[in-house]
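Start from the sequences and build out the full structure, keeping to the hints where you can.
Just so you know, the sequences run in chain order R and X.
Using the numbering used here, read the first sequence as starting at 212 and increasing by one per residue.
Using the numbering used here, read the second sequence as starting at 482 and increasing by one per residue.
Don't take every hint at face value.
Ranges between beta-carbon positions, derived for each pair [claimed, not checked]:
no.: 1; chain 1: X; residue 1: VAL752; chain 2: R; residue 2: LEU484; range: 31 to 41 Å
no.: 2; chain 1: X; residue 1: THR754; chain 2: R; residue 2: THR270; range: 31 to 41 Å
no.: 3; chain 1: R; residue 1: ALA487; chain 2: X; residue 2: VAL499; range: 13 to 23 Å
no.: 4; chain 1: R; residue 1: GLY450; chain 2: X; residue 2: LEU680; range: 48 to 58 Å
To spell it out: a stretch of chain X is covered by chain R in this simulated footprint if at least three of its residues, at any positions, have a beta carbon under 8 Å from a beta carbon of chain R; those stretches are [stated by the list, open to error]:
no.: 5; segment: 574-581
no.: 6; segment: 590-602
Think of the hints as simulated: they come from the structure by calculation, not from any bench.
C-beta atoms are modelled at their ideal positions from N, C-alpha and C, and glycine is treated no differently.
Next come the chains, spelled out residue by residue.
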Amino acid sequence: MSTPTLAATAPGSGPAGGPGAPQRGRRRPRGVEALTPAAGLGLGVAMLWFSLLVLLPLTAVVVTALEGGWGTFVDVVAEPDTRAALLLTITEALGVAVVNVVVGTVIAWVLVRDDFPGKRVLEVVIDVPFALPTIVAGLVLLSLYGPRSPIGVNVVGTREGIFLALLFVTLPFVVRTVQPVLIELDADVEEAAASLGASPATILRRIVLPSLAPAITAGASLAFARAISEFGSLVLIAGNVPGETEVASLRILKFIEGDRYASAAAVAFILLLVSALVIATLDVVSRRVARRG
Amino acid sequence: MAESTLTRRGRRGPLTYVLRVLVLVYLLLLVAWPVSLIAQRALLPVDDPGGLGPFLERLTEPSTVYAFNLTLTVAFWAVLANTVFGVSISLLLVRYRFWGRRALSVLVDLPLSVSPVVVGLALVLAYSSTRGWFGDALGSVGVQVVFSTPGLVLATAFVSLPLVVREVVPVLEEIGTDAEQAARSLGANGRQTFWRITLPSIKWAVLYGVVLTAARSLGEFGAVKIVSQGAEFNGETATLLVQNEYGAFNEPAAYAVALVLVLISIIALVVVTYLRPKEDRA
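Structure representation (structure tokens):
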């Protein structure tokens, strides 16, 4: 559910030389052909739908963000509350990504290398945050960490609350990208190193972590991107005090509700840029992995 | 940590157990405990009558029934659109070579990385009758997209767009084209080949994609919030109802609807996790 970005460059699709690079001179896989008229028609219809649904609306955001000129764009972003929201969002997302790098890798390790009754249940628990509707995720956390908490903890309206919600919704990313790589990793190499006198720390540093690094990077970027754009789970938890606990997505909502669409689009444009950057990073990482593998 | 690399051979260092306990505690505090509390809050609210009777009463309130109806309608159309689009685009991406193919395969994944609020905003800026690019054109033929059901369908289809493609593409690559070519050489036309050879071999992947899309569609909140009126009997989906009821201090109703949504997503998750063929998980 969480790894197909890596799977997208699996063997069959091959490393093309860039978008639309000519395929001449390279043998196509058997049965893969140039467009037939029927397939061309299908492609046209699919592209029309995709453009109307995704590309045109996103273009509208970019155009609206920039149509007032660079000056208005900078003004909106320089508003203290907007800047605070962006800063808070990026700081929280970075923190969440770092925690996920450590915890996610350890969870993947336990799932692959350890064995105990009920491990299968754990596999489902890991994916629960992906499956839950985001607003429900917020409510779920409030039932333990909100008002009337059975353990007397209330994180509503705090930055810790935002962090907790982001940890919840990003839990599966690193786990699910590292897990398949760890399964493939040959334990014999580690044992050979151990038999040659390498200490566990050396084995971890020299053998295990280098093989896992691309997967960890990919998982962390996905978690970061998700945390930057998270909305639903924060609606009930973040207090939305401007300058204090208001994240970027909630800032956009406030702009929309105040009929300030250009400002909303400006903040949205920044989020889109970050997403695009993450996708580009992932593409590079996954291509490097495919080449190595 | 490296101590535990020998577990496959049956030797376990103390670190193995430490890590195992840490992971279990983390997952218990972050996921398992809060999720199980939802059931308790729904069935035994703190200040309101508890039990199955009141719980079912809350779920059969006319506004709640309306919300679930709307959610199901929207999810149905979104799943239908994404299944047709997903299977077609997967076939095109895997079986054909054309200019821009690689760019398209990256773009198809885009919707998953866009913030739901931005999705909603984008649809408003394109299709709203007052400020959208196509608002006037749509208005002149009497179609209202934003703040009505078509807008909800678009928002939902947008956020769940890549889910079918992501399931189907790897399987199509895996199965190769031998059977399809054999069918062709025996005189089957394109349509026969698709229905009799290709579709049967990708049917599980399509089904998983549909389950994931349905789960995501039933639970979408952010994008829907922006393009919907979100008022009782007026564009209030199940997820919007959770927020509205919680905001109106009607916690029992919010938790009741939330529990139903939790159960639906966990069922979808278990279906996908346990029914997926073993070889896929290796």
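Going through the hints against the structure:
The given range of 31 to 41 Å is respected by X:VAL752 and R:LEU484, whose C-beta atoms sit roughly 37 Å from each other. Range check, X:THR754 to R:THR270: about 38 Å between beta-carbon atoms, so the 31 to 41 Å window is met. The supplied range of 13 to 23 Å is broken by R:ALA487 and X:VAL499, whose beta-carbon atoms lie about 40 Å from each other. For R:GLY450 and X:LEU680, the Cβ-Cβ distance of about 51 Å falls inside the hinted range of 48 to 58 Å, so the restraint holds.
Only residues whose C-beta sits within less than 8 Å of a C-beta in chain R count toward coverage, and the segment 574-581 of chain X has 8 of them, enough to reach three; the restraint holds. A count of 12 residues in the segment 590-602 of chain X with a Cβ less than 8 Å from any Cβ of chain R is obtained; the coverage claim is therefore met, three being the minimum.
When held up to the earlier numbered hints, the structure conflicts with hint 3 and nothing else.
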